[in-house]
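Given next are the chains, with one letter for each unit.
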Amino acid sequence: MLKSPEEYVEGILSHDRLALARTITLIESTLPAHQERARIIVNQLLPHTGKGIRIGITGVPGAGKSTYIETFGTMLTEIGHKVAVLAIDPSSSRSGGSILGDKTRMEKLAVNPKAFIRPSPSSGTLGGVGRKTRETMLVCEAAGYDVAIIETVGVGQSETTVSSMVDFFLVLMIAGAGDELQGIKKGVLEVADAIVINKADGDNVTRAEIAQREYETALHMLMPNSPNWTPPVLTCSSINGNGIDKIWETIKEHRTKLTDCGEMASKRKTQALDWMSFLLDDGLRQWFYNTPDVKKALNELQKDVESKNTSPTAAADMLLRFLPTIGSTTD
Amino acid sequence: MSKHPEYQKWAELASKQMKGKAVDKLDWMTPEGINVKPLYTAEDLEGMESANTLPGMAPYVRGPMATMYAGRPWTIRQYAGFSTAKESNAFYHKALAAGQKGLSVAFDLATHRGYDSDHPRVAGDIGKAGVAIDSVEDMKILFDGIPLDKMSVSMTMNGAVIPILAGYIVAAEEQGVSHDQLSGTIQNDILKEYLTRNTYIYPPGPSMRIISDIMEFCSTTMPKYNTISISGYHMMEAGANSVLQTAFTLADGVEYVKAALKSGMDIDTFAPRLSFFFGIGMNFFMDISMLRAARFLWYRLMSQFNPKNPKSSMLRTHCQTSGWSLTEQDPYNNVIRTTMEAMTAVLGGTQSLHTNSFDEAIGLPTDFSARIARNTQIIVQEESQICHVIDPLGGSYYVESLTDSIISEAQKIIDEIEELGGMAKAIETGMPKMRIEESAARKQALIDQGLDVIVGVNKYKLEDEKIDFDVREVPGTVRDEQVARLKEIKATRDQTAVEKALADLTAAAQNDGNLLEAALPAVRARATVGEISDAMESVFGRFVATTRCISGAYSSEYKGDSGAIDEIKKRTTTFLEKQGRRPRLLVTKMGQDGHDRGFKIVASAYADLGFDVDISPMFQTPEEAAKMAIENDVHVVGASSLAAGHKSLIPALIEELKKAGGEEILVVAGGVIPPGDYDFLFDSGVKAVFGPGTPIPESAGKTLTLLEEKYLG
Ligand SMILES: Nc1nc2c(ncn2[C@@H]2O[C@H](COP(=O)(O)OP(=O)(O)OP(=O)(O)O)[C@@H](O)[C@H]2O)c(=O)[nH]1
Ligand SMILES: [Mg+2]
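Which chain is which? The protein sequence lines are B and E, in order.
Under the working numbering, think of the first position of the first sequence as 1, with each following residue one higher.
Under the working numbering, think of the first position of the second sequence as 1, with each following residue one higher.
Please note: incorrect hints may appear among the correct ones.
Here chain E is said to cover these stretches of chain B; the calculated rule only asks that three of the stretch's residues, wherever they fall, bring their Cβ under 8 Å from a Cβ of chain E [as the list claims (entries may be wrong)]:
1. 114-121
2. 206-217
So the derived label-pair ranges between C-beta atoms look like this [as the list claims (entries may be wrong)]:
3. B:GLY80 - E:GLY541: 20 to 30 Å
4. B:LYS246 - E:ASP504: 30 to 40 Å
5. E:GLU488 - B:MET75: 56 to 66 Å
6. B:ASP203 - E:GLU418: 13 to 23 Å
FYI, nobody ran anything at the bench for these hints, they're computed from the structure.
Glycine included, C-beta positions come from ideal geometry on N, C-alpha and C.
The whole structure should be built from the sequences, with the hints applied where relevant.
See the structure below:
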């Protein structure tokens, strides 16, 4: 039985699957007591993190992300890596419950002893994705997984959150729907470290190659994200494995290049600072909005603004005046 | 459409009887989306292409044969098989002595998936849902004393078709029966396996090639043999309504025809040997009309290939009463359900029929229940005087109208599939699967609300259920017997000959040789089912399914009294507030059982109710399921079992969980589990067992109570 944070830490450092799984549960919990415990655990684990490679993968639903990870992850375990996969499923909005089916598309990796796959409900809150996933990733590193892969569906803003916590951000595309950029926002392409056209197999190979050239052109028009790296456009098939090793080569090359010129270190530093300011913002908001006086006043003022009894500026002003008075009501 | 001259008068009368409500208040919208009126008249038939045709003539609505049962009644063909070849053989002999006319072999799941009985993956499946066959030696025992030149044998096999069909052929050879004397049917319908039953081995491409190879081989050497039985049955069992069943089955048929044409065959050499297999449910007139509509549509679909032989566009079908409609509760009611469904199939004009045993929601049929099942159709055939008139419902305003509606609804879906590039492509997009699952979730919601009545389940429930009949148990020794025989065969055969034959088979797989032809020498040399499957797998690979789950269909259909649903949603929310996350459930299927209807409905409905639901890949071992439960840190694992593997697989899962430190994780079980086994499961640590027909709110409520007691208590 795991009780004290020390027992969790010990479990994780000795690569115990159960301890890792339970820690992730604490991280994801909405209970302040669990979050507190998670903070203690993550803090103690921090010295053991940082050496892994962090990869984010996004793409429209059905682009083949899970299948790609199945093939890519299996290949990595074959060449000696231990792979953690964090998959964020969109919650069903109706009741909040989710169907987490990622492992059905990662059948081999799911039973691979060198892999750990954790699907998480995103529980509606996009901020939640970032916060929890980042900490989960760190814990996986401490548990000996030297490659962490994060899968997100590329339809919301979650992917930009993810891109700001990984070393390498890969956008998976499919050929054929190229012109309108497949619902992927241009912003996502701007943060991509590589674009991969998946499903380049069977009678789809030519179309994938055409899409490859289209995206190359599209990328040329964007400002590169880094002065030291030009994002390539690659093709692969997650079914027959073609092109998968080339992607791994690219990720390693990216790492070497950015490490040599110092950009990797500064990227991680920036990410840590961004992370802090994100948490600060998030904490402030929660703190503010959870204050009973604010909740009450907000409710009334919203109605007043709607009925034009109060101007938006005046209402906001009135609410902000609570700030000095809510000294220590945090929970 | 014109109205009966006195329609208005009738409508007024009717309305008066309904205290002034309009008659169209009596309309009923079927699950197929067909609006059924309370009254049909001759005017409804005006201009109807399918009405008033003749049997034995295009478009065959009224039956493929000119005389139908007036000339010769349908074939009573009971599907059976369990345990060892010897046990099944004894069962067949008894059935044939008691009036059965053809044989129909059920294989166990290990055989379906091309594994020998000694393969570690299938330890829980041997001899359970059918007979275990590892080599031609088993085949010979299976057909011992059964003259294969006279007996028509149908075999439900789709995955391991090559070793099994080759095994049957060689067993016949060794009885002295030549290929051309063999008659019967092999199911060989792989497309529907990707849709519902999941007993495939190879990916769709090579699987389609296997089918063409079989058609080709048989069209020249086994002219009396049906090379495929295009099956809607499993779609219906998975929840497809009658229009979906018709459309998807016929679309599968068209796909096979195209594959055969592409491989260079002439339409008239194989199309007459195509046969169908429909499932018959409780919607009496709907399914009668479905069979009539299917024959019409098949004729129309086949016309595009310009066959010269009329038989090429004639739909001949086997039918089976629905296993899904059988209840575990008050099970004698199942005799009545099966009788109704048998009548449906007969009035629809089936060519052969299997009637289910009343105890099939509980266990495998016994000699007793099998006798009742067989007699059900013997009595319809020999006592009821139904057979004298061909298509006795032909001309019924209602049945003809319904037939016409099914034709047009199914045609729409067939057109949709055609637009997607045919059924194989449609399956790739996931469309048919989603439609079936949606239909299943809707049906479940209607049942759970009591809007679809099932006697003994959601209405007129018994106070206390008791089983006062025997339930068949497959002895645990079947696997040992099979393993021993495998050892013996491998010790006594000519190993070099086996290896050469297998290498030749692999080469044929690589080089477009005919696979059935190439497998025969391997079977003769005593290569096993597993070895033959592997020899092809080394070229083709093994197919891995992608499981997709729809959400929302269950709760969107749950409109009426949503009290039960709201209450559970409230409780899951409370759980979230107190525990910091939603109750998290892993639903898993262990063993080779590929029936995923229950498992999918549970996943989709529980998510609607506010659970986080993890779904495991199919065909898990207990160890793999435990790893997933630990990694995802679920509160509870729901193990679904429909193929009698529960007694070994579920306790093994509990053991594996303990080994990995996950003893806190609760285990509940669902599916076809004989009530006599409940205590055994409880003793091994299972916390709750949900039999077939348990309403979702009930099982979800109980699971939630277990979790509340443990975590909130
Ligand atoms: N032909 C081909 N099909 C692929 C390839 N990769 C994925 N697929 C198929 O595409 C479908 C979707 O794949 P997934 O891996 O579930 O896609 P996903 O992006 O993870 O989807 P979501 O998690 O639902 O957003 C599946 O049917 C896969 O078999 C590929 O490289 N080639
Ligand atoms: Mg995915």
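Taking the hints in turn, this is what the structure says about them:
no.	hint	result
1	114-121	holds (count 5)
2	206-217	violated (count 0)
3	B:GLY80 - E:GLY541: 20 to 30 Å	25 Å, holds
4	B:LYS246 - E:ASP504: 30 to 40 Å	37 Å, holds
5	E:GLU488 - B:MET75: 56 to 66 Å	42 Å, violated
6	B:ASP203 - E:GLU418: 13 to 23 Å	19 Å, holds
Checked against the numbered hints above, the structure violates hints 2, 5; every other hint is satisfied.
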